[in-house]
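Protein sequence lines, in the order shown, are assigned to chains A and B.
Per this note's numbering, residue 226 is the first one in the first sequence, and the count goes up by one each step.
Per this note's numbering, residue 226 is the first one in the second sequence, and the count goes up by one each step.
Note that these hints are calculated values from the structure, not bench results.
Worth double-checking, as some hints may not be accurate.
Note that the list lumps identical chains together, so a pair holds whenever it fits in one copy or between two copies.
[What the hints assert, rightly or not] Derived EDC-like pairs: lysine to aspartate or glutamate, alpha-carbon spacing no greater than 20 angstroms straight-line:
1) K439 x D508
2) K483 x E588
3) K413 x E512
4) K298 x E460
5) K390 x E229
6) K507 x E411
7) K309 x D431
8) K233 x E387
9) K249 x D609
10) K601 x D275
11) K390 x D236
12) K274 x D508
13) K365 x D236
14) K407 x E611
There are 2 protein chains.
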Amino acid sequence: MLIENIQKLIDIGIALSSIHNLDKLLDLILSTAQTLTNADSGSIYLVEKDKLIFKASRSNTYFTRWGEEKTKKIFKNFEMPVTKNSIAGYVALTLQPLNIPDVRKIPSECEYHYNPTLDKKYNYETISMLVTPLLNNNNKIIGVLQLINSIQENKIVPFTEEHQKITLYFSSQAAVAIQNAKLTDELKNAHLDTILRLASATEIRDKETANHLKRVSHYSRIIAKNLGFSKEDVELIFLASPMHDIGKVGIPDSILLKPGKLTPEERKIMEKHTIIGAIILKDSPVEILVKSRIISLTHHEKFDGTGYPRGLKGKEIPIEGRIIAVADVYDALSSKRYYKDAFPEEKVIKILQENRGTHFDPEILDVFLKNMNEVKIIRETYIDKEEDFDKFSNFDKIDFSKLI
Amino acid sequence: MLIENIQKLIDIGIALSSIHNLDKLLDLILSTAQTLTNADSGSIYLVEKDKLIFKASRSNTYFTRWGEEKTKKIFKNFEMPVTKNSIAGYVALTLQPLNIPDVRKIPSECEYHYNPTLDKKYNYETISMLVTPLLNNNNKIIGVLQLINSIQENKIVPFTEEHQKITLYFSSQAAVAIQNAKLTDELKNAHLDTILRLASATEIRDKETANHLKRVSHYSRIIAKNLGFSKEDVELIFLASPMHDIGKVGIPDSILLKPGKLTPEERKIMEKHTIIGAIILKDSPVEILVKSRIISLTHHEKFDGTGYPRGLKGKEIPIEGRIIAVADVYDALSSKRYYKDAFPEEKVIKILQENRGTHFDPEILDVFLKNMNEVKIIRETYIDKEEDFDKFSNFDKIDFSKLI
Numbered sequence: 226m227l228i229e230n231i232q233k234l235i236d237i238g239i240a241l242s243s244i245h246n247l248d249k250l251l252d253l254i255l256s257t258a259q260t261l262t263n264a265d266s267g268s269i270y271l272v273e274k275d276k277l278i279f280k281a282s283r284s285n286t287y288f289t290r291w292g293e294e295k296t297k298k299i300f301k302n303f304e305m306p307v308t309k310n311s312i313a314g315y316v317a318l319t320l321q322p323l324n325i326p327d328v329r330k331i332p333s334e335c336e337y338h339y340n341p342t343l344d345k346k347y348n349y350e351t352i353s354m355l356v357t358p359l360l361n362n363n364n365k366i367i368g369v370l371q372l373i374n375s376i377q378e379n380k381i382v383p384f385t386e387e388h389q390k391i392t393l394y395f396s397s398q399a400a401v402a403i404q405n406a407k408l409t410d411e412l413k414n415a416h417l418d419t420i421l422r423l424a425s426a427t428e429i430r431d432k433e434t435a436n437h438l439k440r441v442s443h444y445s446r447i448i449a450k451n452l453g454f455s456k457e458d459v460e461l462i463f464l465a466s467p468m469h470d471i472g473k474v475g476i477p478d479s480i481l482l483k484p485g486k487l488t489p490e491e492r493k494i495m496e497k498h499t500i501i502g503a504i505i506l507k508d509s510p511v512e513i514l515v516k517s518r519i520i521s522l523t524h525h526e527k528f529d530g531t532g533y534p535r536g537l538k539g540k541e542i543p544i545e546g547r548i549i550a551v552a553d554v555y556d557a558l559s560s561k562r563y564y565k566d567a568f569p570e571e572k573v574i575k576i577l578q579e580n581r582g583t584h585f586d587p588e589i590l591d592v593f594l595k596n597m598n599e600v601k602i603i604r605e606t607y608i609d610k611e612e613d614f615d616k617f618s619n620f621d622k623i624d625f626s627k628l629i
Numbered sequence: 226m227l228i229e230n231i232q233k234l235i236d237i238g239i240a241l242s243s244i245h246n247l248d249k250l251l252d253l254i255l256s257t258a259q260t261l262t263n264a265d266s267g268s269i270y271l272v273e274k275d276k277l278i279f280k281a282s283r284s285n286t287y288f289t290r291w292g293e294e295k296t297k298k299i300f301k302n303f304e305m306p307v308t309k310n311s312i313a314g315y316v317a318l319t320l321q322p323l324n325i326p327d328v329r330k331i332p333s334e335c336e337y338h339y340n341p342t343l344d345k346k347y348n349y350e351t352i353s354m355l356v357t358p359l360l361n362n363n364n365k366i367i368g369v370l371q372l373i374n375s376i377q378e379n380k381i382v383p384f385t386e387e388h389q390k391i392t393l394y395f396s397s398q399a400a401v402a403i404q405n406a407k408l409t410d411e412l413k414n415a416h417l418d419t420i421l422r423l424a425s426a427t428e429i430r431d432k433e434t435a436n437h438l439k440r441v442s443h444y445s446r447i448i449a450k451n452l453g454f455s456k457e458d459v460e461l462i463f464l465a466s467p468m469h470d471i472g473k474v475g476i477p478d479s480i481l482l483k484p485g486k487l488t489p490e491e492r493k494i495m496e497k498h499t500i501i502g503a504i505i506l507k508d509s510p511v512e513i514l515v516k517s518r519i520i521s522l523t524h525h526e527k528f529d530g531t532g533y534p535r536g537l538k539g540k541e542i543p544i545e546g547r548i549i550a551v552a553d554v555y556d557a558l559s560s561k562r563y564y565k566d567a568f569p570e571e572k573v574i575k576i577l578q579e580n581r582g583t584h585f586d587p588e589i590l591d592v593f594l595k596n597m598n599e600v601k602i603i604r605e606t607y608i609d610k611e612e613d614f615d616k617f618s619n620f621d622k623i624d625f626s627k628l629i
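Use the sequences and the hints to build the structure in full.
Next comes the structure, spelled out in C-alpha cells:
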C-alpha cells in the first residue's frame, strides 16, 4: 500500500472514532471511501438479523443532478434478504471482497447477479464495483460497503489493486466505528426506555391517563420549537415533561383521588407534589432528569406570582415551568377527565386568554395559540379512550405467558 | 516514520476502538506503547477538572520483581495539580511532548523538575523519559502518557526520534479511544441513576424504607455470588432487585397502608402488585429491567406451589424469584417495621428453617444461612433510623434554593 495512503488511514481512524451519530458517521465513511478510490457513487448496507438494510448513499452524479437532499430522499431505506444472489449478499455471506471490473460482464453461471432495476429507473450506468465486507473486531459481519464506478480522466475505470487494499483496511476502521456508534445509540435508547417507565410507573395511581403525559410532551415541544429553542433543547423538554407530576406518588390517595373539592388543608398537601418530585429527581447527573426536576418544581407557578410552591413571578419562573403550565392547563381543559367532559374549543381558548399575563406568560401563550393547528393534530392523535380511565381493571384477563 | 510502524498503527487503532472498559483500555495503551518504544515502564494520567489523576501503570522491572497484581496495588490512584513544575503537568499545559534523554541532567533553571521520590522509595532508576499529551479530536488535553527507560541491548538509552513520532500518532488514537470509553461509562452511570430513581420513586408511598431496598439488593448479591453466578449476573440481580415491589404504586393506600390484617378481598388486590410491576416493566430492552420484571412477578411464589400470583412450584420459579423470596422475607423479619420491632436473630433463623422446602428453595436458603456473617454486616450497615419511617414529614423545612 502507498505510504501516504497508510498515513491518511491513521487520521481517518481517529476522525471516524470521534463521531457517535450513526447517520453522520455513515456519510463520512462514504465520502472518505469515495475520495480514497475516486468512486462516483457508494452505499452502505447494515446487517440486522437476517437482512441487509440499505442505510446510506452518496453519488456525485445524482448529487449534481438532483442535489444531496433529494437524492437521499429517493434512495430511502430498503431491505433485502442476505442471499448469494445479490452482490452485497454474496459479500456478506462469503466475508470476501468483490472487485468487479464490469458488472455487465458477470457470467450468467455466477452465483451473484447485478440487478440493474435502479440504474434503469434513474438513468445511471453502473460499470465497475468494489464491494467490501464490514467486519467487526470478532470478524463478524456488520455490513457491506459498496463503491461504484471509479473515475479516471472523466472515464469509468475498474477499481485498482491499491483501491481494494486501502478500502479493506478502511472497512475495518469503519466497522468498529459503526459498532461503537450503534452501542452509543443502544445505551441512549435503553436509558430513554427507563425514563419513560419512570414516568409511567408514577402515572399509574394518578387520575391522569398515559395519553395525558404524551399530549403534554407534544404540546411542550410545539411551544419550545416555535419559541426558537435549539433542536436539542426542544427534544430535552419533550423528554423531560412527562415527569412533571412524578411527585404525586407521595400524595395520599384520600387527597389525590378525592372526587370533590379539596379542603384548604388537603390542597396544601396536594401542592407538595411539586416539591416531592424535585426531591425524587434531585442531584441527578442525567440532563433530562435535571430538566424534569425544574419542571416538577415550577409548573404550578403563575406569571403574576400567585402560584405555588414558591410564588415566583414572571421570568423568575424557569421557562420550562412556564411552558408546561400552558401545556398542562390546556390539556386539562380540552380533554375528557373521569369526572368531566372535554370543554368545547372556544371555551378553552377563552379561559386561556382570560389568564394571559396572570397565570400564563403572555408570550408563551401567544406562541401556543398561534400554533393551534399543530396542537389539534396532537390532541386527536392521542385522544383518550373509555378503557384508558379504567386502569388495571382487567387484571384477571391478563395472559401470564406474555409477562415472563 | 517507518512503513511497518504505520501499518501497525492502523491495526492498533482498530483494537483500541473495540475496548470500552476504561481500565482494560488504559492497560492495552500502556503495553502497546511499551512495545512500540521498548520502554521498561509507563504510566497514564487523566485530566479531571484541574488535576492530573494517576490512572494506570505498567513496568517490566516491577512486574518481574513483584508480579503484576502487587505492582498495581502499590502504584494506586494518586493525584497532583496541573502545574509546570512536574513533567506531566508541563506537558499537559504546553500540549507539547517532552523527550528527555536523562532526567538527572535536567538543568535546575528548567521550569519542570523530575521528582525522584518514588524511585528512591522503590529502588528504581528513571533515566530516559518520553512524555506525550493525550489530545482529543478538538485538541483538548484529556491526559498524559509517560514512558520511562527505553531499553536497547539491556541498557537504558534515550527514546529516538522515531519513538517520538510513532508515540505522538499513537497518543491521538489512544486519546479518542479513552474519550469514547469515558462516554460509554457516563451513559451507563446515567442510566443506573435513572433506574435507582425508578426504585426510589415507587418506594415513597410504600411502608418500606429506602434501606429495605438496599438491604434486599445486598442480600441477593450475597446469595447469587455464593451460588456461583458469574460476576455480571451477580451485578445484574443486585441492580434489578430494588424494583421487586414497584407494582405497589398501583395498590390503593387503603390496602397498602392498612395497619391491621387484610381481608381476603384486600389481600387479593394487594397480591396484584406482582402483576402490576410486571406490566410496568414489560418489553423493556434494558437487561436490568427485564430481570426486575421477572423478580416482580415471581418473588412471592413459594417452593411448594402455594405462593402467588401463579402458584409456580420448585424450579418452575425463576431462580431470581427464589433468591429474592429469601432475601425479602429475611429482611422483613430481621428489621424494624413501623408496626413491629426487629425479631431476635434466633427467632428469624428458626422461622426461615421452618419454611425450608415449603416457602423457600432449600438450596438457596442453605447458601444464605451459611453466609450469615456477610449478611449481618449488610444489616448493620443499612440499619433504619427513626426518621427513615417518617418520609417527607419535613417538607416545610426544605431549603428551596438547593432544589433548583
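Checked hints:
Within a single copy, K439 and D508 get their C-alpha atoms only as close as 25 angstroms, which misses the 20 angstroms cut-off; across copies the closest is 19 angstroms, which meets it. Proximity of K483 to E588 under the C-alpha cut-off of 20 angstroms is found in neither arrangement, the shortest distances being 35 angstroms within a copy and 48 angstroms between copies. With identical chains, the CA atoms of K413 and E512 are at most 20 angstroms apart both within one copy (12 angstroms) and between copies (14 angstroms). Taking the closest pair of Cα atoms, K298 and E460 never come within 20 angstroms of each other, the shortest separation being 24 angstroms inside a single copy and 45 angstroms across copies.
Proximity of K390 to E229 under the C-alpha cut-off of 20 angstroms is found in both arrangements, the shortest distances being 13 angstroms within a copy and 15 angstroms between copies. Taking the shortest alpha-carbon separations for K507 and E411, only the inter-copy value of 18 angstroms comes in at or below 20 angstroms, while the best intra-copy value is 26 angstroms. For the identical chains of this complex, K309 and D431 are neighbours neither inside a copy (55 angstroms) nor across copies (59 angstroms), given an alpha-carbon limit of 20 angstroms. Taking the closest pair of Cα atoms, K233 and E387 come within 20 angstroms of each other both inside a single copy (14 angstroms) and across two copies (18 angstroms).
Taking the closest pair of Cα atoms, K249 and D609 never come within 20 angstroms of each other, the shortest separation being 38 angstroms inside a single copy and 51 angstroms across copies. Proximity of K601 to D275 under the C-alpha cut-off of 20 angstroms is found in neither arrangement, the shortest distances being 41 angstroms within a copy and 51 angstroms between copies. Both within a single protomer and between protomers do K390 and D236 lie at most 20 angstroms apart by alpha-carbon distance, with minima of 17 angstroms and 14 angstroms respectively. Proximity of K274 to D508 under the C-alpha cut-off of 20 angstroms is restricted to the inter-copy arrangement: shortest distance 19 angstroms between copies versus 40 angstroms within a copy.
In this homomeric assembly, K365 and D236 come within 20 angstroms of each other (Cα to Cα) only across copies, at 16 angstroms, whereas the closest approach inside a single copy is 24 angstroms. Proximity of K407 to E611 under the C-alpha cut-off of 20 angstroms is found in neither arrangement, the shortest distances being 40 angstroms within a copy and 48 angstroms between copies.
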